[in-house]
Every structure is written in structure tokens, then in C-alpha cells.
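Peer 1: Each chain, written out:
Number of protein chains: 2
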Amino acid sequence: MMPAIKQIAIIGMGLIGGSLGLAIKASQGEKVEVTGIDTNELSMLKAKQCGAADRITADYKTGIKSADMIFVCTPVLQIATLIKEIAPHLKPGAILTDTGSTKTYLIQEITAVLPPGVHYVPGHPMAGREKSGIEAAVDTLFYDKWYILTPARDGDAAAVEAVRQVISWIGARVTEMNAAEHDWCTALISHVPHIGAAALVNLLMYLQDQENSIKLAGGGFRDTTRIASSNADMWADICMTNAEPIADSLDKFSQIVSQVAAAVRQGDRESIHKFFSSAKQRRDELLLLEQAASEQPLTNEHL
Amino acid sequence: MMPAIKQIAIIGMGLIGGSLGLAIKASQGEKVEVTGIDTNELSMLKAKQCGAADRITADYKTGIKSADMIFVCTPVLQIATLIKEIAPHLKPGAILTDTGSTKTYLIQEITAVLPPGVHYVPGHPMAGREKSGIEAAVDTLFYDKWYILTPARDGDAAAVEAVRQVISWIGARVTEMNAAEHDWCTALISHVPHIGAAALVNLLMYLQDQENSIKLAGGGFRDTTRIASSNADMWADICMTNAEPIADSLDKFSQIVSQVAAAVRQGDRESIHKFFSSAKQRRDELLLLEQAASEQPLTNEHL
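Just so you know, the protein sequences line up as chains A and B, in that order.
To convert, note that position 157 of the first sequence is 157 in the UniProt record's numbering; the numbers rise steadily by one, no gaps.
To convert, note that position 280 of the second sequence is 280 in the UniProt record's numbering; the numbers rise steadily by one, no gaps.
Hints are computed from structural coordinates only; laboratory data are not their basis.
Check the hints yourself; a few may be wrong.
Unchecked claim - Under the rule of at most 25 Å between Cα atoms (straight-line distance), these lysine-lysine pairs were calculated in the BS3-like manner:
id, chain 1, residue 1, chain 2, residue 2
1, A, Lys131, A, Lys6
2, B, Lys252, A, Lys274
3, A, Lys48, A, Lys31
4, B, Lys131, A, Lys252
5, B, Lys31, B, Lys61
6, B, Lys280, A, Lys280
7, B, Lys131, A, Lys274
8, A, Lys61, A, Lys31
9, A, Lys252, B, Lys31
10, A, Lys131, B, Lys61
11, A, Lys131, B, Lys280
12, B, Lys131, B, Lys46
To be verified - From the derived model, a few chain A residues whose C-beta atoms are all more than 10 Å from chain B:
id, residue
13, Thr57
14, Tyr60
15, Lys65
16, Val113
17, Lys131
18, Ile195
19, Gln208
20, Ala228
Note that beta-carbon positions come from the ideal geometry of N, C-alpha and C, so glycine has one too.
Required output: the full structure, derived from the provided sequences and hints.
Peer 2: Right, dumping it as C-alpha cells:
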């Protein structure tokens, strides 16, 4: 039977944690009590002020002790350490979940320290904004977005169902995936494009006359390179926690780029043309798949 | 003395040629006669209908014979061939210019066939839209955009001045650059990012379960990969006409990506962090330069 979720603790009241609190309160009102936990006093005050949490505390232990479900929304490298700290203080039957963007690493670390009777359901919401912090939190952040869960095969089905229910409250679409598959896909579809964008900006160190040549960017430079201005700490952590899929995919990417360079050098127009037309074709195919997926009814319509 | 420009011929009435005609007519009205030249009958009819040209013809020779200035706005690989064909029919003193995005190759090809008394001023407007064709032409396409000229050092100064004047009519900002520098900068700042985006899409052939994994793209897939759906023919031609700068820059790009892969594999967080933070810093610096450049008064305010 699915446990009733009356008390939710959110650790890390930034963009994700704050938006989660706002969305849960907007959907459930007084039916669910949200405790916001953060060590940053200002973030906590703002979280309370904007209604992302009913109560706030900097003390993990008291914040989580009566929670039915705990969302850990801190930067990815802090998640495992933090869970090791709080694990002994979780109540029996508590459901632990996180919003970290790499999963295999976290599952290994967390499973090792989980007390008996506490269930861990790894999660990854496909939601974000350019801005970060509690100031950027909105109750619509997850609406109509995919929310991936990567539960263990032998995990507790009722715990997964409970997390799915909370996800339905925030209006997201839930889907399940194997954790390793998740990490490889994320590397290909998100991490490598991000690293590629930063590499393209770093490549501009070879511009001889930066002042004059920036005019050639055609005004779109701000937009096309925006991704490269993201948080260096966060991205270094992502690379550290999803190393093999990222390194392997970067090598594949580098190979593709080298092959194009060779074709260009040889004046092999046929190969170059094929490269561009297959990119167009692959994009069109993936857009169709994406559209088909997004036309599936929302999770909360199922419930 | 700068020659008076009363008759302008535009060869290739697509997005660029059509927008050029519209902008010249909007600025100069009856003072300048625009002849639109294209082999596509429908494009010509539309060009006439929307007012991008006063008269239209499919016959290059009659279209250009009395023109004071000729803009060649066809795809880049057709420019040189076309100019070879029309060169003997240009009137003495005519000023020839083009809008091709690679310059060294064109200058070599065109200089070789230019009749005496005809001046060639290579150009490259930093303007574009996602859509193409005369249907997408607008008279504001060049407004406040950079328009690069790469004239020869020993070229005719009055001819350059005349092209600058027409560029001021269409509201663009003009700047001059060495042709080789232009091509290297364009490779780094425009061609390689474009090829990189197509390579990122092609990398997705390694996705095992495309249907499920596209959900991980987080809804931004359409936007972030839009550039990869561009015209394969046009981009193959760009690669063919700017081969050395593109191949060399792609190799440098591939090297940067491989270095990141190695750092990720070694768990070298310091190098990874430095990679991301230097991208952010370089972007910020270039944005400042871009802003400073765009705050210079518009060309037409000088005249």
C-alpha cells in the first residue's frame, strides 16, 4: 500500500528545492507540511517568505526526523555526503529521493549507507532556468516537464508510487529508466553539448583581433554561448560524478569532429554533405519522438 | 570622386538579395533603380510584387549592362562561376560586390577574370534569418547589423566608398577587415560552431533507446539543435570554399574536447573547473567587446 505523505522535507532551498516547495504547497495546501532545510540563512528566510516552506531550519536532524519523504536538492557532489550524515536520523519507512543529474554514482554511495526500512528512489527532474537560487524559484518550474526516476529493480514499489504521486502534484510527467542508461543518455544529450558549448567559447582564444572579429559573431553571440556561462563548480561536479559516460561520449564527439576536419581538408564534398544532411535528418526524427512523448497525457491525469 | 549610384543590379533574389532590394528602395525610392536578376521565375515575380526590384529579368547580360553597382547574392559556390560569365558584359567603371560568407577563395577566383575598369569590393553582411527565400525578405534585415568589407589594399578607394554608401542606405554598420583574417575569424566564430552543433546531433546516433532518452533533452532540444537543420548544400559549399581555416579550427576544437575527456577520465577536477571558468570569463570579455562595438554610432550617421 502506498504510504500517506503528510510531511515533506526539502534539503537545499535553491531553484529546484524552492520550486518544489512552492509547487507542492500550491497543489496540496494545508494537507502537506513542507519543511525547508538549508544552511544559508537568507535562502531560508526567502523560502519562508515566498511560501516555499511552512517551516525552515538549518538543523538537518530536526528537519527530517518526522518527514515521510525527503527531497535532497543540493548540488550533486554534496548529495551523497549529506545523506550519509542524515541517514541515521531518518524515521523507519521514510522515503528518500534526490534531484541529482547523475544517478549511478549516487545510487552506489547512498545504497551503502541507507538504514533498513528507509527507501531510496533516485530522481532527476528535467527542469531548470538560467537563473539559480531561491529568488528564481517558481511553482510552475516542473509543469509539463519530464521527471525521470531510476529505481532499483528490487526496490520498494510502494515507495516509487509515493514519489510518483508527489511528482504528479507538481505537474511533471514521470518516466522510469535504468540508472546506467540514464547516465549515458544524459551524457550524450545534455553533458556533452554543454561541454561542447564551453569548448567553442574557449576555442575563441585563437581569435587574433578579438575586438574586430567579435563583429563577425553577427549579434547572436550572447544567445548561442549563453550555456557557457553556467556555474563552473556545478559542471565540474557533474563531470566528476558521471565520468565514464562523459569521457567516452566526448571522445566520440571529438572523433566525429576530426572526421569532418579530414573531409574538409580533402575537399570531400560528398562526405561533408552527408554529415550535414544526416544531422538534419536525425534532428527531425528525434523531434518527432519528442513530440509524440510530450503528447502523452500528463501523469496527474492518470491518477 | 565617389561615383553616383543610380542603377543597382542584384543577382540572386533570395533572402539576402530580396532584403537588399527592399532596403535600398525603402531608403532611396525613385532615386535608385533596382534590377532583380534570378533564374527562378517565381522568385522574380515575388520580388517584383513585394517591391524588392523595379524590374526583373532572368537574363544576366541585359540585367547588368547599365548597372553602376552589382550585388551578387547567390550561394557562395555559384558566385565565382557567375561572375566569370557576366564579367565581359559589365560596363566600364561598374562596381561589383558580393555577399558570400568566405572571401579569400572568391577574391582569387574573381580577381582573375575581372575586366579592366571594373572594381570588385568583397563584402559579407552579418545578417540572416532562419527562413530563406524571397518570401522571408524584409527591408530591416541589415539594420544595425555589421556588414564586413574586405577590399584589396591596392583597390579603388572610390569604389569602396560607393559600396559603403549603399550599405549606409540599408542601415547596416560597415567595417573593413583583411580577407584572410575574415576567413579565419569566421571559421572560429561561425563555421566551427555550426559544424559542432551538427556533430552534437550526429553524436546522438549512440543513444540506445531514442524514444525514451529524448525525454532527457528537457524540452529544449528543438531550440538548442535548430542550427543543425540548416541547408546542407550551403554548408557543404562553405566548407569547400573556406577549407583550411575550417579544418584547422576543427582540429583545434577536437583537441580541446579530447583534453577535457582526458581530464574527466583522470578525475582532474581542477583542470575541469578551469575549463568551465575560463569559458565563462572569455564569454564575458567578448560580450563587453561586442557591446562596445555595437555602441559605436551607425555608419549612416557618419555620412
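Peer 1: Hint by hint, say whether it matches the structure.
Peer 2: Right, here's what the structure says about each hint:
| no. | hint | in the structure |
| --- | --- | --- |
| 1 | Lys131(A) with Lys6(A) | 30 Å, violated |
| 2 | Lys252(B) with Lys274(A) | 22 Å, holds |
| 3 | Lys48(A) with Lys31(A) | 17 Å, holds |
| 4 | Lys131(B) with Lys252(A) | 32 Å, violated |
| 5 | Lys31(B) with Lys61(B) | 23 Å, holds |
| 6 | Lys280(B) with Lys280(A) | 29 Å, violated |
| 7 | Lys131(B) with Lys274(A) | 22 Å, holds |
| 8 | Lys61(A) with Lys31(A) | 23 Å, holds |
| 9 | Lys252(A) with Lys31(B) | 58 Å, violated |
| 10 | Lys131(A) with Lys61(B) | 57 Å, violated |
| 11 | Lys131(A) with Lys280(B) | 15 Å, holds |
| 12 | Lys131(B) with Lys46(B) | 16 Å, holds |
| 13 | Thr57 | 31 Å, holds |
| 14 | Tyr60 | 26 Å, holds |
| 15 | Lys65 | 34 Å, holds |
| 16 | Val113 | 22 Å, holds |
| 17 | Lys131 | 15 Å, holds |
| 18 | Ile195 | 6 Å, violated |
| 19 | Gln208 | 7 Å, violated |
| 20 | Ala228 | 4 Å, violated |
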